[in-house]
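Residue numbers (my numbering), protein chains in the order written: chain A, 1 to 140; chain B, 1 to 409; chain C, 1 to 161.
Honestly, the hints are just simulated from the structure, not real lab data. Be aware that a few hints might be false.
Pairs of lysine-lysine residues, derived as DSS-like cross-links and limited to a Cα-Cα distance of at most 30 Å, are as follows [claimed, not checked]:
(1) K159/B / K131/A
(2) K89/C / K35/C
(3) K133/B / K2/B
(4) K2/B / K159/B
(5) K39/C / K159/B
Which stretches of chain C does chain B cover? Using the computed rule of at least three CB atoms under 8 Å from a CB of chain B, they are [what the hints assert, rightly or not]:
(6) 61-67
(7) 96-108
On a predicted model such as this, the values are computed, not experimentally measured, just so you know. C-beta atoms are modelled at their ideal positions from N, C-alpha and C, and glycine is treated no differently.
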Amino acid sequence: MRKAKPLPAQDIKPAPRQAGLVLDAQLHLLDRQILDVDGVPVTTVDDVELSGPAPGEPIPEGTEAPHITALLTGAVLGTRIFGGRPPSSRFIRIPWEVVAGVDTVVSLGVRANSLDASWLERWMRDQIIAKIPGGRHDPE
Amino acid sequence: MKRLLGVALGILTAIGGFVDIGDLVTNAVVGSRFGLSLAWVVLVGVVGICLFANMSGRVAAVSGRATFEVIRERMGARAGLANLTASFLINLMTVTAEIGGIALALQLASGVSYMLWVPFALIAVWLVIWRVKFSIMENVTGLVGLSLVVFAVALFLLKPDWGSLASQALHPSVPSEEGPGTYWYYAIALFGAAMTPYEVFFFSSGAVEERWKVKDLVQSRINVLLGFPLGGFLSLAIAACAAVVLLPAGISVTTLSQVALPVIQAGGQLALAVLILGVVAATFGAALETTLSSGYTLAQFFGWSWGKFRRPAEAARFHVAMIVVLLAGVAVLATGVDPILVTEYSVVFSAIALPLTYLPILIVANDPQYMGKHVNGRAVNIVAFVYLVIILVASVAAIPLMIATGAGA
Amino acid sequence: MTRSRKLLAATLAALVFLGGLLSGCAQSPSADSLKGPAKEAASAVRTASLTVDLRLQERATAAAATTTADDMLKGMQSATDQLEHFGAKTQDEQSLRDSMLAIFSTISRSLLHARDALAAPTSAPGGGTDLAGIAQLPAVQGELRAATEQLDELMTKAGIQ
Numbered sequence: 001m002r003k004a005k006p007l008p009a010q011d012i013k014p015a016p017r018q019a020g021l022v023l024d025a026q027l028h029l030l031d032r033q034i035l036d037v038d039g040v041p042v043t044t045v046d047d048v049e050l051s052g053p054a055p056g057e058p059i060p061e062g063t064e065a066p067h068i069t070a071l072l073t074g075a076v077l078g079t080r081i082f083g084g085r086p087p088s089s090r091f092i093r094i095p096w097e098v099v100a101g102v103d104t105v106v107s108l109g110v111r112a113n114s115l116d117a118s119w120l121e122r123w124m125r126d127q128i129i130a131k132i133p134g135g136r137h138d139p140e
Numbered sequence: 001m002k003r004l005l006g007v008a009l010g011i012l013t014a015i016g017g018f019v020d021i022g023d024l025v026t027n028a029v030v031g032s033r034f035g036l037s038l039a040w041v042v043l044v045g046v047v048g049i050c051l052f053a054n055m056s057g058r059v060a061a062v063s064g065r066a067t068f069e070v071i072r073e074r075m076g077a078r079a080g081l082a083n084l085t086a087s088f089l090i091n092l093m094t095v096t097a098e099i100g101g102i103a104l105a106l107q108l109a110s111g112v113s114y115m116l117w118v119p120f121a122l123i124a125v126w127l128v129i130w131r132v133k134f135s136i137m138e139n140v141t142g143l144v145g146l147s148l149v150v151f152a153v154a155l156f157l158l159k160p161d162w163g164s165l166a167s168q169a170l171h172p173s174v175p176s177e178e179g180p181g182t183y184w185y186y187a188i189a190l191f192g193a194a195m196t197p198y199e200v201f202f203f204s205s206g207a208v209e210e211r212w213k214v215k216d217l218v219q220s221r222i223n224v225l226l227g228f229p230l231g232g233f234l235s236l237a238i239a240a241c242a243a244v245v246l247l248p249a250g251i252s253v254t255t256l257s258q259v260a261l262p263v264i265q266a267g268g269q270l271a272l273a274v275l276i277l278g279v280v281a282a283t284f285g286a287a288l289e290t291t292l293s294s295g296y297t298l299a300q301f302f303g304w305s306w307g308k309f310r311r312p313a314e315a316a317r318f319h320v321a322m323i324v325v326l327l328a329g330v331a332v333l334a335t336g337v338d339p340i341l342v343t344e345y346s347v348v349f350s351a352i353a354l355p356l357t358y359l360p361i362l363i364v365a366n367d368p369q370y371m372g373k374h375v376n377g378r379a380v381n382i383v384a385f386v387y388l389v390i391i392l393v394a395s396v397a398a399i400p401l402m403i404a405t406g407a408g409a
Numbered sequence: 001m002t003r004s005r006k007l008l009a010a011t012l013a014a015l016v017f018l019g020g021l022l023s024g025c026a027q028s029p030s031a032d033s034l035k036g037p038a039k040e041a042a043s044a045v046r047t048a049s050l051t052v053d054l055r056l057q058e059r060a061t062a063a064a065a066t067t068t069a070d071d072m073l074k075g076m077q078s079a080t081d082q083l084e085h086f087g088a089k090t091q092d093e094q095s096l097r098d099s100m101l102a103i104f105s106t107i108s109r110s111l112l113h114a115r116d117a118l119a120a121p122t123s124a125p126g127g128g129t130d131l132a133g134i135a136q137l138p139a140v141q142g143e144l145r146a147a148t149e150q151l152d153e154l155m156t157k158a159g160i161q
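Just chain A, with the same shape it has in the complex (with noise of 0.2 Å):
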């Protein structure tokens, strides 16, 4: 994944606004920030998943060309820096179909509590932040 070599625009399924644009997967996805409808941060592209067949094994004539199927968060980021690959089940994945936009960030078109990859902040949102008197407060 790491190698991903720019995609053709047609294989960005979802992407019809941008048509024409090509995407480098390093330099306009990876480590970018993910924000969602309402502007909220969700968290960055920590790494990508592509469709087709697993690294290392021969790929059959005729096979087609890979796409982005989600885009990947949590402790693929570890993996990525340090090596190794955690098992996907660990995946938390956010669809490349709710993807709206890629600029400078990467928009969604859904809400950030709608995703598995908002778990934690809503954990602790919930079960610290909340608690604390004046927490669900604005600043004054």
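We have chain A already, so just place chains B and C on it with the hints.
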């Protein structure tokens, strides 16, 4: 009229916000040991921080992106993480030093051991971060911090030999009792104190917090270009006070109480009261800034929701991280380590880590993808490159000098 | 990546080596090793002297003055610790260290007296009868000055400036 007021307020808070425990201690130490022979470093540092703060403010206003988001995007996850670790640890050291500074100032006021003031300082800092609006927090601590002008007043009251002070500053030389190694070590410390990287994280994140747009850049430039140099003058006044009173008396500064002696001598109890107010405000303001900065750096690297313009519940991880940082700082102080020592190390490590934040900002300030037509001009880039060299030299020389001089002993 | 890592390792090694080299050069005969604690003590006792002066002029508050004295006591403690850990190799070094230790304890004692005198209120309510407080300060000042002189004399003798 309102606009003028805003500009004046911005300049005043920039002056008051310039000095923190690092500037206070380092300038007094240097003044008491080297006179004004290191005054030129303050000048170099002030020009540097003006340049640097301007660039990061412009990047934040134009692209709407704060420093650490940009650092990760440009440097990648691996180098970004190394950078985050270094910046975060230095930030933590500075938080510790600032909280220690609040407590030491309160000890000076009350005579009660600073250790008993530490929990009080912790809770006060946290409450402000938890509940008080960003602009109020900035303006109040900045304005009250202005009472550090008492150092300049004290200097006049002391009726020093201005000619000799000027000649120390204009013809710098290493005093006979100190070695050249120590001289250069303190030059780096002073540079680090003036150019603390946390101010840059804070400045750029603050620009996002206050939703700066390109049209606000003029005002921010005025604030920086007038406020920081005046803050630099304040630093020089601190050093000069020490040079006039402590250096001839054979006292080299190792505690905050010694920093206060020249002011006490010049202005008595009233001046002391103003001084303590100023030190508490300045260190309190800096404690807020450094705590927020550590939250900002973490949140921006990992892409969490952050900012004081949100309710704490809407930036939960950001607030949890800051609580943890404050507790960690207090835990360090609880070991009984001397806060002044922590301060002295924190400014040197700040100097060591400077390239880590300076370089990415410089690169992005030249990147049209982020900056559009607001990329650095040629003149800015020439100065910026000269500073890049200075910063790199200071960063590389710091550790060998630290070992060689036994940290300036 | 590996190349940049090697570079990093080499840089670090060079830095450590350079630092070791420089500190090796700075490593010095006995007078220099005693210099640190001696200077610290000299600075501490002079600070206390100045503080007592400022207190006598009623410029410093009792809180600020006692804080300063407390800080200086801590400074003396650390200077004494350093001196005690100094391994004297020759007879001369040992006698120098011993006389310095003796002076350090004189200084510490006078600092303690100073601290107690400074802590007392300047004007005792109801016309205080005890000797504590501001009345004692001139005596304490004399004690501090005598200790300063002793230390200066020894430092001159040992060639520490």
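Do the hints match the structure? See the list:
1. K159/B / K131/A: violated, 57 Å
2. K89/C / K35/C: holds, 16 Å
3. K133/B / K2/B: Since the Cα atoms of K133/B and K2/B sit roughly 20 Å apart, the hinted pair holds (cutoff 30 Å).
4. K2/B / K159/B: violated, 39 Å
5. K39/C / K159/B: Within the cut-off at roughly 28 Å; holds.
6. 61-67: With 6 residues close enough to chain B, the hint holds.
7. 96-108: violated (count 0)
In summary, the structure is inconsistent with hints 1, 4, 7 from the numbered list given earlier, while agreeing with the others.
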